[in-house]
Amino acid sequence: MSRTVAEQLPSRRDVTGGVLWLLVAAVALIVPVVVAPTHLDAFRFPKEKAYEAFAILTAAWLAIAYLFRGASFFEPLRKHRNVLVLTLGIVVWTSLTTLTSTNRTLSVQSLFWVASCAVMFVATLLVAEQRRDRAVLWLMFIPATANAFLAVLQRAGIYNPMVFDERVPDRIRTTAMVGNPNDVGTYLLFPLLAAMALALVSRSPRLRYAMWIAAVLLTCGMVVTVTITAIGALGAATVVLLVTRSRRSIVPLAILAAVTIVAVVAYGPLRSRVTGITANVRQGNFLEATSLRLPAYLAAWEMFVDRPLLGKGPGTYAWWYLPYKMELNERNPRLYTVAVNFGETHNDHLQTLAVAGAPGYALFLGGAVMLASISLRRRGEADNEKQSFARLLALPLAVSFLVVTLAQFPLELASATSVLLHLAAVCRVWSEPA
Amino acid sequence: MKIVKVLAALVILTVAALAIRRHCYVPVRCTIIAAEVERRTSRLSKGASYDIAAGTRENLIRLQPCIDAVPWNVVYRDLAAANYQLREDHASMRAQYEAALRYDRRPELHFRLGLALLALGETEAADKHLYTGGVVWPDSLTRLQQPQQDEMLQRVYKARQGY
Chain A
1 MSRTVAEQLP SRRDVTGGVL WLLVAAVALI VPVVVAPTHL DAFRFPKEKA YEAFAILTAA
61 WLAIAYLFRG ASFFEPLRKH RNVLVLTLGI VVWTSLTTLT STNRTLSVQS LFWVASCAVM
121 FVATLLVAEQ RRDRAVLWLM FIPATANAFL AVLQRAGIYN PMVFDERVPD RIRTTAMVGN
181 PNDVGTYLLF PLLAAMALAL VSRSPRLRYA MWIAAVLLTC GMVVTVTITA IGALGAATVV
241 LLVTRSRRSI VPLAILAAVT IVAVVAYGPL RSRVTGITAN VRQGNFLEAT SLRLPAYLAA
301 WEMFVDRPLL GKGPGTYAWW YLPYKMELNE RNPRLYTVAV NFGETHNDHL QTLAVAGAPG
361 YALFLGGAVM LASISLRRRG EADNEKQSFA RLLALPLAVS FLVVTLAQFP LELASATSVL
421 LHLAAVCRVW SEPA
Chain B
1 MKIVKVLAAL VILTVAALAI RRHCYVPVRC TIIAAEVERR TSRLSKGASY DIAAGTRENL
61 IRLQPCIDAV PWNVVYRDLA AANYQLREDH ASMRAQYEAA LRYDRRPELH FRLGLALLAL
121 GETEAADKHL YTGGVVWPDS LTRLQQPQQD EMLQRVYKAR QGY
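Taken in order, these protein sequences are the chains called A and B.
So in the working numbering the end of the first sequence lands on 434, straight run, no missing numbers.
So in the working numbering the end of the second sequence lands on 163, straight run, no missing numbers.
FYI, nobody ran anything at the bench for these hints, they're computed from the structure.
A portion of the hints provided could be inaccurate.
[Unchecked claim] According to the in silico footprint, chain B covers these stretches of chain A (three or more CB under 8 angstroms from chain B):
{"id": "1", "segment": "58-66"}
{"id": "2", "segment": "316-324"}
{"id": "3", "segment": "335-348"}
Computed from a predicted structure; not experimentally measured.
Cβ atoms here follow ideal geometry from the backbone N, Cα and C, with glycine treated the same way.
Build out the structure end to end from the sequences listed, making use of the hints.
This is how it looks when you write it as structure tokens:
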């Protein structure tokens, strides 16, 4: 575990593997910080297109690797057959639902996104298998901590590189390099869990301290975004971490939990948001309690009910939202007051059901279960630090994903999806003996 | 054999480069064009009328490749329609909004299509789109002329009350 970063980089001889390593590293480093201030959409769209561009390059490189190195280059993937079958299943189902889509032009864009995610996931599996180094994990913390630091500076009013209209509230100005505050909170959730897990399993004091510092910084970044769902997901995942881990980990985790609770109580904007939601739930104002997202949820459910097997087609939620909202308005005039045209459901469970039907949702759950199952394996005697990390992180990661997708949409955000897939692939590979 | 592999690799890289250009670079480049055209359109709408014909023509020429390459992003059609509106070419404006609604059904697109149809004298069709846009986005109704504004506001108000 004392190898330097230079030693962990690919050897000079293995050019094919080295280039693949660089592509995966570039995605981990670059995608979460891609910003295009002069564009109409400065954050989400450029990130998505950067991710897709890297995925095309990666796919091309994998094809070239096959040409020159043959099937032996892909040999390490053999032991991940189940994961590959699930990944292929997701791509095949997305293709099928694209063919049967109610709007094929829109669905093709989503298919392209899903295929890009699949390529990057497989490439990360391969890189993690071939290199077995920790750099593949560390790289991810660089943009994550940079984004968390910027979010804190923005919220504290110290520094904000983005220009906003005076009427824009402080919370919305907390964009980091990710987008709106909810995107930031959702994105930071996954690296934060990874930092906590690494801090807990690391035998090196230096790495342990570095990871705790990163975890505190990432927590601060998440708290200042006031993203309740991400904070809730963090809470749920932390409980799972506590349960999974031995007693000696309870102290640092309890401290972190205490810091988060104190932050909720002491940090005015977060406190007022939590008390506001609680009051609305008590009074039965579910429309307000869900930040007016109820029509988005209801519309998604109605779409699923109308086409339960195939869904409306990938990427068509926004296109169908208004007609369904008009019907919902007729049935419940109170919903007329929601003057928001939702482009996403803000609930990936329901959105997957709406656009990909029940089999699509089964694949969605299958992915989470397969990730969680890494933690549920029996520990062998040969458990090393990496295995401990993977087995500790996988279940909380899956839990946090299932919770955060209840009111956010990480699967539609390149920043969150890229880091989630990266961690899932690393967990998968590291959980197995080398 | 090796030369064949090298050639095949070159073909793969060329296809990848073309795919990146088509699926990633052009859509991103188009968002820059759209931001520029949006600023120019906004200036034209406040400027002197003698600028409009030339300015909007230039805008429409710049937008057309984006409309062709990225049809699912309705921002380009929306901007094109705004330029047609400045040219008082309501038929083209209508065509742009009708095409945009095939990919996105934002209330503002419905509302603006309603305005185009109104200008073309198709009041019945206009009414449907104005209501759809207005009921979700009531602020837009203030852009209507009287007495239509009051009429539509009343309908929206009644709907919201559950009548």
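Against the structure, the hints:
Coverage of the segment 58-66 of chain A by chain B holds in this model, with 4 residues showing a Cβ closer than 8 angstroms to a Cβ of that chain against a need of three. For the segment 316-324 of chain A, the stated coverage by chain B holds: 6 residues have a C-beta nearer than 8 angstroms to a C-beta of that chain, and at least 3 were required. Taking a C-beta to C-beta cut-off of 8 angstroms, the segment 335-348 of chain A contributes 4 residues in contact with chain B, enough for the three needed, and the coverage statement holds.
When the structure is compared with the earlier hints, no violation turns up for any of them.
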